[in-house]
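Model the full assembly from the supplied sequences, consistent with the hints where possible.
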Amino acid sequence: MIAISSIINIALRSLIANAMRSFLAILGIIIGVGAVVTMVAIGTGASEKISNQISSIGSNLILILPGATTQGGIRMGHGTIQTLTMADSEAIARECSAVVAVAPVISGTAQVVFGNQNWSTAVMGTTPEMVTVREWELISGRFITEQDVRSGTKVAVIGQTVAEKLFGDLDPVGKLIRIKKIPFEVIGVLDKKGQTLTGQDQDDIIYVPITTSQRTLFGNILPGRVRLIYAKAASLEAIPTATEQIKTLLRQRHRIGPNQEDDFTVMDLTQMLKAAEESTRTMSILLGAIASVSLIVGGIGIMNIMLVSVTERTREIGIRMAVGAKPGDIRLQFLIEAVFLTTIGGIFGLLLGIGTSLIVSSIMQWPVSISPIAAIIAFGFSAFVGIFFGFYPAYKASILNPIEALRYE
Amino acid sequence: MTQIKFENVVKIYKFGDHELKVLDNISISIEKGEFVCIMGPSGSGKSTFMNIVGCLDTPTSGKYFFEGVDVSTFGLDELAEIRNKKIGFVFQQFNLLPRATALENVELPLIYAGISAKERKEKALETLSWVGLKEKANVYPRQLSGGQQQRVAIARALVNNPAIILADEPTGNLDSKSSMEIMEIFKRLNEEQGLTTIIVTHEPDIASFGRRQIRFLDGKILSDTKT
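Just so you know, the sequences run in chain order A and B. Take the first sequence: its position 125, counting from 1, is numbered 125 in this note's numbering, and each next residue is one higher. Take the second sequence: its position 166, counting from 1, is numbered 166 in this note's numbering, and each next residue is one higher.
Treat the hints with caution; some may be incorrect.
Said to hold, decoys possible - Here are the simulated lysine-lysine pairs, DSS-like style, with alpha carbons at most 27 Å apart:
{"no.": "1", "chain 1": "A", "residue 1": "396", "chain 2": "B", "residue 2": "14"}
{"no.": "2", "chain 1": "B", "residue 1": "85", "chain 2": "A", "residue 2": "396"}
{"no.": "3", "chain 1": "B", "residue 1": "32", "chain 2": "B", "residue 2": "187"}
{"no.": "4", "chain 1": "B", "residue 1": "123", "chain 2": "B", "residue 2": "134"}
Unchecked claim - If you want the footprint, here are the derived chain A segments under chain B, 3+ residues with CB under 8 Å:
{"no.": "5", "region": "7–21"}
{"no.": "6", "region": "311–319"}
{"no.": "7", "region": "322–333"}
{"no.": "8", "region": "401–409"}
Everything labelled a hint here was simulated from the structure, so no lab data went into it. Ideal placement from N, C-alpha and C gives every residue a C-beta, glycine not left out.
Encoded structure:
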């Protein structure tokens, strides 16, 4: 039995002897593997970015919106009637076991002024639970307290964008701002959350105590009524239970009969998350599939070169057979050459793919994520391509008739 | 001891519907240590005879005993093993691998015999020295003269200690001086080591080195004379 190391040596030497052709042969594999690695990296990166964006809104978040009115057969949008109350919010917090935190909101848009700077932003009146519900940290100061809500103090917690627009480099905590010309003391600054999927800036926001917002800012909302309620389910799995509990409770509280429509809407982000994940996964698979085609084309290139090589080296094969090479030895030699080519192509392709991914991420500001598994699969696949497309040429070489091979010019 | 024995060997080549009987019922024995020269015009069947003797081909019918073993029914792997261990080929066109050095060319049969790299190198170098080309070990074939290339090819044929040497017009591409040198090597091998040697040639003065001359014509043995 011939030693494998000898066969590898033979294969390596013949590849080096035809360096240029070997390089051209593996170019297809380099591009193929590079494309697969890059595409998967981009796809995975995009999917990670989307999940991050979605979870930044707040994981396990449930939104309760007031119902829509029907006026003369025309259905108005959410919130056209104020069906939700502070009491509803408190009842949810008290009675729904799958809900861990609840924060009602009275919101509106208002002009905010500090010194000679002014800015129009969303002002949300809410309760201390909001930071828990939204999983939002403060970078300085404190959030609204129960005390603030009870006494309706004029305090404000501002988002990063508002802080930037109004204060620049100044520390906002302790400063006085005017919301709708009413002075508020800034008591805290929220951490940066970035954009939502729809491109909304989550940091362009001011939180004030809910009581303050109702009394002094948005008087068009009836006392005790709220714009919407945020609730946080205990876990992702608890979301359906929590939704059901909230619905049952509110129907009961609003005295809605069995055949009547809800006068509120309960929404959660799981469906959105699932849809987004589904679409990015589809994109990843699609990109990977397109890239795989180039790997197959690369493999055909290898087969082509190996067939030429076998024909060209017919005489060499004849000589080897005459001195005692068995058909299996010849087959193994050409197979190893093909696998060698594709494996080297795989290594360079991997480097190319990683390089391209990094360039794409830095130039296009597109997140990429190079997963070791994708790299290993691409690499392993290239070796497999070598075996698959190298087999036929190797087989052809092994069945040559030594007498005819020796006579080949 | 009988080295080679043909019993009613027939070889037929088929080209579509047309059949060509290249060897027609050949029966012959060659003893160990004989120096045989094969002659005959092209198409007389001498090359086919050599191919079957060299286990590169098998008879269509009849039997071929190599050292008493019927190899006419052997498979490709078994034939390859006999070629590797028992037969040394020398060709008219030398048939060296152009991208391998003289030493590597000589090592070739040892690779397929599964011998370790170190031992391969030692044996190949020893054999190269025997044909007087030790100093050319790391030279590529194209840098060698025809006579030197043929000596490398002979070293390759000898390196695995074969039982017979088969040479198909080994001097066909050489000038007369180199031809004589090569024939001297074959003669020495045969006389000193008792190696069975079979040489195909067209040239009468080359044929005169042999102590037995076999002439082929139309697939049959025309004459078989010992000198």
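Hint check:
1. 396(A) x 14(B): holds, 22 Å
2. 85(B) x 396(A): Holds: residue 85(B) and residue 396(A) sit about 25 Å apart, inside 27 Å.
3. 32(B) x 187(B): Holds, at roughly 15 Å.
4. 123(B) x 134(B): holds, 12 Å
5. 7–21: Three-residue rule met by the region 7–21 of chain A, so holds; n is 4.
6. 311–319: holds (count 4)
7. 322–333: It holds, with 8 qualifying residues against the three required.
8. 401–409: holds (count 3)
In summary, the structure agrees with every hint in the numbered list given earlier.
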